[in-house]
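Start from chain X and add chain L according to the hints.
There are 2 protein chains.
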Amino acid sequence: MTEEGKDGRRGVSIGRRQRKNEGRLKATGAAMYADDLRLPRMLFAKTVRSTEPHARIVRIDFSEAKKLPGVIETLAGHELPERYGVIPWTQDEQALCVDKVRFVGDPVAAVAALDERTAEEACALVRVEYEKLPALMDPDEALARTDVLIHDERGANHQDNLTKRVQLAFGPVDEKLAQSASIAEADFFYEGSTHAPIEPHCALAQWDGVTLTVWSSTQIPHYVHRALSKVLGLSAARVRVIQPVVGGAFGGKSDPFSLEFCVAKLAMKTGRPVKMLYTREEVFYAHRGRHPMKMRYRVGLSKEGAIEAVDSKIVIDGGAYASFGLVTAYYAGQLLTGPYRFGTYRFDAARVYTNKPPCGPKRGHGSVQPRFAFECALDMAAEKLGIDPIEVRRRNFVGENTETVNGQWITSNGFMQCLESVERASGWRERRGKLGFGRGLGVAGSMYISGTAYPVYPNQMPQSGVVVKLDRSGRVTVYCGASDIGQGINTLLAQIPAEELGCDPEDVSVVAADTDLTPVDLGAYSSRVTYMCGLAAIEACRKLRAQLDEVSEATDPFALRVEKAEAKAGTTLVSSGAYRTQKLGADYRGGTIGASPAYSFSAHVAQVSVDAETGLWKVERIWAAHDCGKALNPTLVEGQIEGSVYMGAGEAQMEAHTVYPENGLLRAPNLLDYRIPTSLDTPEIDSLIVESNDPSGPYGAKEAGEGPLHPAIPAIANAIHDAVGVRLTRLPFSPGDILRALRERKC
Amino acid sequence: MTEEGKDGRRGVSIGRRQRKNEGRLKATGAAMYADDLRLPRMLFAKTVRSTEPHARIVRIDFSEAKKLPGVIETLAGHELPERYGVIPWTQDEQALCVDKVRFVGDPVAAVAALDERTAEEACALVRVEYEKLPALMDPDEALARTDVLIHDERGANHQDNLTKRVQLAFGPVDEKLAQSASIAEADFFYEGSTHAPIEPHCALAQWDGVTLTVWSSTQIPHYVHRALSKVLGLSAARVRVIQPVVGGAFGGKSDPFSLEFCVAKLAMKTGRPVKMLYTREEVFYAHRGRHPMKMRYRVGLSKEGAIEAVDSKIVIDGGAYASFGLVTAYYAGQLLTGPYRFGTYRFDAARVYTNKPPCGPKRGHGSVQPRFAFECALDMAAEKLGIDPIEVRRRNFVGENTETVNGQWITSNGFMQCLESVERASGWRERRGKLGFGRGLGVAGSMYISGTAYPVYPNQMPQSGVVVKLDRSGRVTVYCGASDIGQGINTLLAQIPAEELGCDPEDVSVVAADTDLTPVDLGAYSSRVTYMCGLAAIEACRKLRAQLDEVSEATDPFALRVEKAEAKAGTTLVSSGAYRTQKLGADYRGGTIGASPAYSFSAHVAQVSVDAETGLWKVERIWAAHDCGKALNPTLVEGQIEGSVYMGAGEAQMEAHTVYPENGLLRAPNLLDYRIPTSLDTPEIDSLIVESNDPSGPYGAKEAGEGPLHPAIPAIANAIHDAVGVRLTRLPFSPGDILRALRERKC
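So the protein sequences, as listed, match chains X and L.
Every number in this note's numbering is 22 more than the matching position in the first sequence, counting from 1.
Every number in this note's numbering is 22 more than the matching position in the second sequence, counting from 1.
This is chain X alone, in the form it adopts within the complex (with noise of 0.2 angstroms):
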């Protein structure tokens, strides 16, 4: 980083406060979703879905589809029969079911028409005929049954239903938990939960004969990009992927969709564009929302309150395709290894299919449930030795430039100064304990990754890449294959250039998320986005501030700055940088599923108010304190975290994600009945951002965007036990759950 004042405007857009730039758009109308886009001769298309939970497709009947007038085409699975998913070892998908349906839901059929309406009407007219299969509903029968299979096509080495179990152990778990001075041992259960974003999933497909486009609203445009090359038979460099402006996402665009798949087809099919919009029912059942997971822990403390050991058993309920559940079944075990020292650790993680709406990563994915689950026990084993929940959390802080118990290498640490943070601004040392009855504080922490060591498709070349142009105007484009699903990244990619060659920040043009125009970039998931984005986008800037340098002042104006060397290189000013794993140094220790090139550290004090008679509560307030390495843009870090502790407390307070065992259809596939909370609903929220400035980081930035949502959610369970002194332990925490856990304390 350069000095601020003596470079010109150089080194001193980082850390300032600036809105999205994105944001008039937005808010004017003007943002172009993917539903906004018309061409020349557009068809709409939608979906036939499954109505059995499990069933075989003995026949389908398009004929009285057929004959519906401005029905163009239509498509069944056998036209698409090739298997995706996102994770590679996990190939489980298929654009449209061809031999069997796996939850209510399932795509089954399409049709593409001259309008929406008339689409709809003709799907209604394709007649299925099923033969109805065994439902399971529940992961541990699941897990017991093996005469059936929900995925019968895995062969003969996946006779179970299985997803993936990990089972690892660290140190001597036993033993240590044998020594223990304070073991807690409880069952938990965290509820599915879904994304819910404002924009529905839509596509849209053209083919001229050569080259396939297709805009999508997804989060992942690189791995659509290869799911259409694979399931269509098309040479990825026939295909095209653009996001458009995407209107939430939350994981939940984290998979290659059915639609895109048949949109594609359709369009290959008719020669003319075809677009499909996800109504909201079908954004419920297509979700690949939060999993629920059933969870056994075992905290053993010394009697200093030091971790000695900890052992859980989780059963991670999938649905019905695998999505990201590999990884799943890894972060419910990995991720869980900070900001505490574990002396032992064990887990086993069993991520299985059920016949329900698939589950996958939404925001904090994988290690929120068990951190619920964690951070709730660790107060109870702490409580039984008399220790203060913040004092308890304070002893076995892991520290910087260390090791977890699992070989993860943890550079910057903030985690003592998120808590000091959320104990001084909720007043915790003089209020705690003095609420009075039926209102109480709790405290959680948490620690999340910025990105993953891993590609999700092993190969050698750069996880994030990043181009940027100069021109003699003094205009600035940046291109990146990352996708701004509001976390703000492309605001960031103008601040960057602005830090380092001294251009305004809205003299930048950020190209974002078109396979064609932008390198790759593996996503908006894990957090990575802005620490990969941010260090490929300094690396290119570099480059082109040696050329600037080279033939002016920092101080001139900028775009004679680009003019002067533009003439000297004799050519069009532009160069890359990329993100490369394998360049962290000596001490990464990369390799595992769940590691990460640098941790965000989190601490939430939760304050709550109990009515004991009727069971009614609410959150009151929320103080969190998150160490993000450097705040590049502390709006968009807070608005990160306000975003993060308002969906967990959504989760804690009401979000429920379920079926109706008897029959597969979801209880609440609507914005009405499925309830997320109003701003009425919503805590007042504190937002501290602690700077670690991480040694590895873009000046110093790890991620914000999921680990704020961890802590709500234990935060808000210790501070209903410190209110009215009941532990809950399932979600979400209803009125009737506390009334109930009142009644069976009294008795």
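Calculated from the structure, these hints are not laboratory results.
Watch out, some of these pointers could steer you wrong.
Calculated lysine-lysine pairs in the DSBU-like style (CA-CA distance at most 35 angstroms, straight line) [as the list claims (entries may be wrong)]: (1) L/K88 to X/K48; (2) X/K252 to L/K252; (3) L/K252 to X/K586; (4) X/K335 to X/K640; (5) X/K565 to L/K586; (6) X/K186 to L/K586; (7) L/K565 to X/K586; (8) X/K291 to L/K48; (9) X/K590 to L/K586; (10) L/K48 to X/K48; (11) L/K89 to L/K291; (12) X/K565 to L/K590; (13) L/K89 to X/K590; (14) L/K291 to X/K48; (15) X/K252 to L/K565; (16) X/K768 to X/K406; (17) L/K252 to X/K565; (18) X/K89 to L/K48; (19) L/K89 to X/K48; (20) X/K590 to L/K590; (21) L/K291 to L/K122; (22) L/K590 to X/K586; (23) L/K186 to X/K586; (24) X/K88 to L/K48; (25) X/K590 to L/K565; (26) X/K48 to L/K252; (27) X/K325 to X/K122; (28) X/K565 to L/K565; (29) L/K406 to L/K335; (30) X/K252 to L/K590; (31) L/K186 to L/K154; (32) L/K48 to X/K252.
Since the structure is predicted, the reported quantities are computational estimates derived from the model, not experimental observations.
Same frame as chain X, but now just chain L:
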């Protein structure tokens, strides 16, 4: 160039027939032209145009227009007073007239409304009060009168109606004329014509509060970028210009046009996107078509037929604004000095303002008219000596690697092969003079530029930049600022990476003409694009080729080669290349307007039949040979030759863009009255490609889009003379003119 076969798929794309890569989209209706674009909340704007050829604006009253429901905003000239023009030294236009109007159709005001019809109705309600001024309709009168100044704002140094006068002499012209064995001396008149593109001018602007984006049907996005910045008072770093697919231009979209500024300002005033589409009538008034020229030529030959002296005086009827007129005045003289050696040469060209729609560049800009006059005069002089028309041209061949009389350096020169080619193909030797009265053959030759040595505004930067990016899928993206206006540069920009890198040309994505996405290219004019962008693209590709060759064999699959090279480089593979004027080598004699790095050459033989009873005549066939250096894609070259011959023949046969002198109204401001040849009016065309393999051009290529237009008109005139013995010197050659000439000859 690489040898075929030896080097994988390299070296096999250039020279092959390949169809235009945007052809499918155009043919299926999927191509998105400017008027196909729709943005949320978009308004439609229309222009109020002058009804007077020359008048002061006394008052503009919008009050009635503003009352019309649906009218959102109005715009008057005083809001955009800054003058602009494509040539830096003749900035004489304003987006909307401020003080006075200079031709019927001059834009005076604009209205934005919810729909196009309302905007049109509102325009009719805008009251403009004029104070009439004398209108100058004839260039000679305009030259003579200094009491009426069309551009009175130009100050004390411009007390005349001259846009530009160029007088240059090379050698003792009068002395050589006096010594000549044969002198032809005649007056010629070349009527004005217009481009008549299928797509009318259209522009759409969006203002997000920071950046202005303008989509425009232009062939000069870079100059529009600069002009918008100047006129709107915005930093060029806050302006983005995008050229969508263009439906024909031919030079008629080479100026910044009023609508581009009006939609921009209206978008900024309203905060909403604003679109304007010219009606067909407006296209005729706005045009910038072929200048009418009055030309007097004296051509003196030695008794052997050598061109001893050429003397010309040219009055160019410019219309109301300069447009490219300064260049027109140079081109009218400078571009005549090949393919023949001139002993001495003098020209005096005056480009004059008149109160008519402004003229500018049309295919073959500036030199089509003098070429007609000179090639007729050459025939006339040779006839007196009894020298065959082809023979006199052969004897005067200027040669290659030589300098013209006016100091232009000619590299390759395939004119002799062109001449032989049409002589052979037309059966000239066997058939000329043997077709009977009423049928004849005529020949003509010409030379044209492959781009200009000068950029239009003086600067040291490249005239053209190309960026190439390689994706690990094997897809190649070429970013180029040049405009594909139908000539096929986007197709060549796919062939070049295929040639250099060995990819499939259909795996190349060409991103064109977007000032944010693409490097600067000066635009599609002066036949510069293939030459300059081609060289830039080769340079960019060869840098990448070196990276691929470092890690793999040319015969490896292309995507694998990219993967390996990306892994080795550790970053996205991207490079830029450029065309730099100054590095053409020691032989280059640039420095005068009209100088080019390489010249194309053409020869045509036309066959006509004339009915001496009625004067009705037709062009039966044209053999057109063109030296394009190297035909990078023979199909495209033939298309350019055919299009040129068609357009030239049309100008000879029927085209006339003229006004009623009494009121300044166009005689034919629509495609019914303005006559252009239909397929029935079009002669059989034999496109004969001659390859001289220019040492400086990309793979040896020179221009092909404008040169082959030139000889068509004089070849036809000479053929009419051969058929019926009359010499027509005024275009177009109407049956009435022929009858009159035949009658005069009989007298």
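Problem set entry | Numbers of the earlier hints that this structure fails to satisfy, in rising order | 2, 13, 27
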